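So you can see what is in the structure, the chains are spelled out below.
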Amino acid sequence: MSVEKGTLEIKNLSKSFKVDNNLLPILNNINIKFPAGAFISIIGGSGCGKTTLLRIMLGLDTNYEGEALMDGERIEGPGSNRGIVFQDHRLLPWLTVEENVAFGLDKLNRKAKKLVVDEHIKLVGLSGFESAYPSQLSGGMAQRVAIARALANKPEILLLDEPLGSLDALTRIHMQKELERLWLLEKITMVMVTHDVDEAIYLSDKVVIMSSRPGVIKKIIDVPSSRPRDRASSEFMQIKAEILKEFHLGTEYPFAYAI
Amino acid sequence: MKKKLIIKQTKARLSSFIFPIVLLLVWQFISSAGYASSAVVPSPNKVLKTFQILLTEQTFFLNISASLKRVMIGFLIGSSTGFLFGLLMGLSRTAEKIFAPSFHTVRQVPMIGWIPLIVMWFGMTELPRILIISIAAFYPITLNTFDGVRSVPREYLELASVYGYNRFKLIRRIILPAALPSIITGLTLSLGMSWAILMAAEIFIQTEFGIGTQIQMGRQRFNMPLVITGILTVGLLGFVMTIIIEKFARIVDRGRAIGNET
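As given, the protein sequences belong to chains V and A, one line each in that order. Under the working numbering, think of the first position of the first sequence as 3, with each following residue one higher. Under the working numbering, think of the first position of the second sequence as 106, with each following residue one higher.
I should point out that these hints are in silico values taken from the structure, not numbers from a laboratory. On a predicted model such as this, the values are computed, not experimentally measured, just so you know. Please note: incorrect hints may appear among the correct ones.
Stated by the list, open to error - BS3-like mimics (lysine-lysine), calculated; alpha carbons at most 30 angstroms apart, straight line:
hint: 1; chain 1: V; residue 1: LYS116; chain 2: A; residue 2: LYS202
hint: 2; chain 1: V; residue 1: LYS115; chain 2: A; residue 2: LYS202
hint: 3; chain 1: A; residue 1: LYS202; chain 2: V; residue 2: LYS20
hint: 4; chain 1: A; residue 1: LYS274; chain 2: A; residue 2: LYS151
hint: 5; chain 1: V; residue 1: LYS179; chain 2: V; residue 2: LYS156
hint: 6; chain 1: V; residue 1: LYS221; chain 2: V; residue 2: LYS115
hint: 7; chain 1: V; residue 1: LYS208; chain 2: V; residue 2: LYS156
hint: 8; chain 1: V; residue 1: LYS109; chain 2: V; residue 2: LYS156
hint: 9; chain 1: V; residue 1: LYS109; chain 2: A; residue 2: LYS202
hint: 10; chain 1: V; residue 1: LYS35; chain 2: V; residue 2: LYS116
hint: 11; chain 1: A; residue 1: LYS113; chain 2: V; residue 2: LYS156
hint: 12; chain 1: V; residue 1: LYS35; chain 2: V; residue 2: LYS7
hint: 13; chain 1: V; residue 1: LYS124; chain 2: A; residue 2: LYS113
hint: 14; chain 1: V; residue 1: LYS189; chain 2: V; residue 2: LYS156
hint: 15; chain 1: V; residue 1: LYS221; chain 2: V; residue 2: LYS7
hint: 16; chain 1: V; residue 1: LYS220; chain 2: V; residue 2: LYS179
hint: 17; chain 1: V; residue 1: LYS113; chain 2: A; residue 2: LYS202
hint: 18; chain 1: V; residue 1: LYS221; chain 2: V; residue 2: LYS124
hint: 19; chain 1: A; residue 1: LYS113; chain 2: A; residue 2: LYS274
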């Protein structure tokens with residue numbers, strides 16, 4: 003069975019942490035398919051295991067039950083077909099912008115490396131900042147560099163762990179447009195973990211709603227609207243209401259906690 | 106605007122001279138008011154004259170170059186072995202378990218405490234002097250390298266594993282640069298320790314040339330200006346060394362140095 007490149011599939015995945023000899027379930031029977039080329043957001047309260055799920059997809063965590071398949075093959079560890087952008091830009095402060103973008107490009111020779119680096123710095127709109135250091139960049143610019151670094155490796159799927167979480171509201175809206183532009187341009191799968199409902203609807207083909215303790219997938223909502231999306235349209239509002247409804251009921255058993 | 110900035114900078118620079126000038130005035134006052142005999146507290150003028158005379162004498166420069174050479178060799182030996190040792194203990198928990206307790210025990214022995222033992226083993230030669238300085242340089246760099254390696258942010262290590270870095274690449278590209286500020290702090294402290302112990306090495310293990318020798322000679326001849334010029338020379342040279350190492354730190358650690366300026 004051949005799978006289109008850029009497909010990531012999670013099958014019957016469960017994971018628990020051991021705390022004082024008790025097994026604490028983190029993820030419970032997760033089944034989800036990220037089709038090639040799609041933009042999918044995972045949204046959920048804190049502690050719903052979405053970051054753990056992302057780490058499993060990345061290959062940083064291989065201790066779980068069930069299956070995580072990249073292009074039909076079991077994920078055994080990190081690989082260059084999966085890129086990641088963290089919430090903190092995680093640029094190395096002692097490297098310049100271009101050195102940071104070149105971080106994962108050791109396999110290329112000097113010339114090819116320069117080409118790829120320049121291309122991606124241009125792609126995220128930072129030409130002219132090649133030899134700047136991270137400390138000289140704004141939060142939004144630093145996150146652009148982080149995105150360039152991830153894309154430079156030509157991943158089939160880009161995982162985004164609350165990538166805009168630490169930006170101010172206006173920069174955030176701007177960066178959402180940027181992410182959409184990059185996604186349309188690169189035509190790769192993107193999976194984004196976020197807390198922001200508007201952001202999820204604005205960017206995603208599907209929004210995966212997770213609930214907490216243990217993390218389960220509660221609902222997957224399709225966002226059929228055409229792009230670019232209008233945040234003020236009635237369709238947008240309806241989808242937003244639908245998602246928010248899930249969250250109001252989201253703390254399902256409020257009394258269970260009170261007792 | 107620019108003029109204001111220049112004035113501000115000049116003021117900042119001038120302010121660092123205020124305290125030395127006050128000290129000088131107090132010194133002048135004590136010596137000219139006759140609170141102490143001029144043999145015990147020579148006037149600043151007398152010391153300055155001694156300095157001028159020393160500058161025309163070859164011995165003075167032989168003393169300085171002997172001391173500098175001693176410190177440099179001792180510092181290089183001590184800091185390079187200390188760096189490697191700290192790196193080893195930082196990278197390997199096993200190495201830490203094996204060596205750390207002994208290291209921390211031996212570290213408690215004050216530098217001066219080593220002198221009798223080392224002299225008995227090696228005699229009154231250049232080797233024990235350099236050895237003492239090396240030991241002094243060894244500790245700070247070991248501790249700081251170890252600490253720097255251990256405090257590399259977990260996030261950076263994770264980033265390296267995402268990009269499939271092997272151990273060698275991890276050390277060279279992540280751990281060493283991340284630990285660099287600590288390592289530089291260690292180097293600065295090591296140099297300071299080497300310089301500080303130099304006097305003890307030269308005074309307790311007598312030698313023909315050295316600033317310590319000059320100070321010791323001044324004491325024996327009851328030549329206070331000679332003692333004081335020796336002390337001032339040690340202080341000034343140490344100060345110059347600190348400035349050099351700070352400049353060096355700024356050059357090798359460009360990214361973060363720039364961040365701190367703005």
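Each hint tested on the structure:
1. V:LYS116 to A:LYS202: violated (44 angstroms)
2. V:LYS115 to A:LYS202: Violated. LYS115 of chain V to LYS202 of chain A sits at ~42 angstroms, over the 30 angstroms cutoff.
3. A:LYS202 to V:LYS20: Judged against 30 angstroms, a Cα distance of about 27 angstroms means the pair holds.
4. A:LYS274 to A:LYS151: It is violated: about 60 angstroms lies between the C-alpha atoms, which goes past 30 angstroms.
5. V:LYS179 to V:LYS156: holds (21 angstroms)
6. V:LYS221 to V:LYS115: violated (43 angstroms)
7. V:LYS208 to V:LYS156: holds (23 angstroms)
8. V:LYS109 to V:LYS156: Satisfied, since the Cα-Cα distance of roughly 13 angstroms is no more than 30 angstroms.
9. V:LYS109 to A:LYS202: violated (37 angstroms)
10. V:LYS35 to V:LYS116: Roughly 36 angstroms between the alpha carbons, so the hint for LYS35 of chain V and LYS116 of chain V is violated.
11. A:LYS113 to V:LYS156: Distance of about 51 angstroms is beyond 30 angstroms: violated.
12. V:LYS35 to V:LYS7: With Cα atoms ~13 angstroms apart, LYS35 of chain V and LYS7 of chain V stay inside 30 angstroms; holds.
13. V:LYS124 to A:LYS113: Not satisfied, since the Cα-Cα distance of roughly 41 angstroms exceeds 30 angstroms.
14. V:LYS189 to V:LYS156: holds (11 angstroms)
15. V:LYS221 to V:LYS7: Holds. LYS221 of chain V to LYS7 of chain V sits at ~26 angstroms (cutoff 30 angstroms).
16. V:LYS220 to V:LYS179: Holds: LYS220 of chain V and LYS179 of chain V sit about 28 angstroms apart, inside 30 angstroms.
17. V:LYS113 to A:LYS202: Violated. LYS113 of chain V to LYS202 of chain A sits at ~46 angstroms, over the 30 angstroms cutoff.
18. V:LYS221 to V:LYS124: violated (38 angstroms)
19. A:LYS113 to A:LYS274: violated (46 angstroms)
The structure shown violates the earlier hints numbered 1, 2, 4, 6, 9, 10, 11, 13, 17, 18 and 19.
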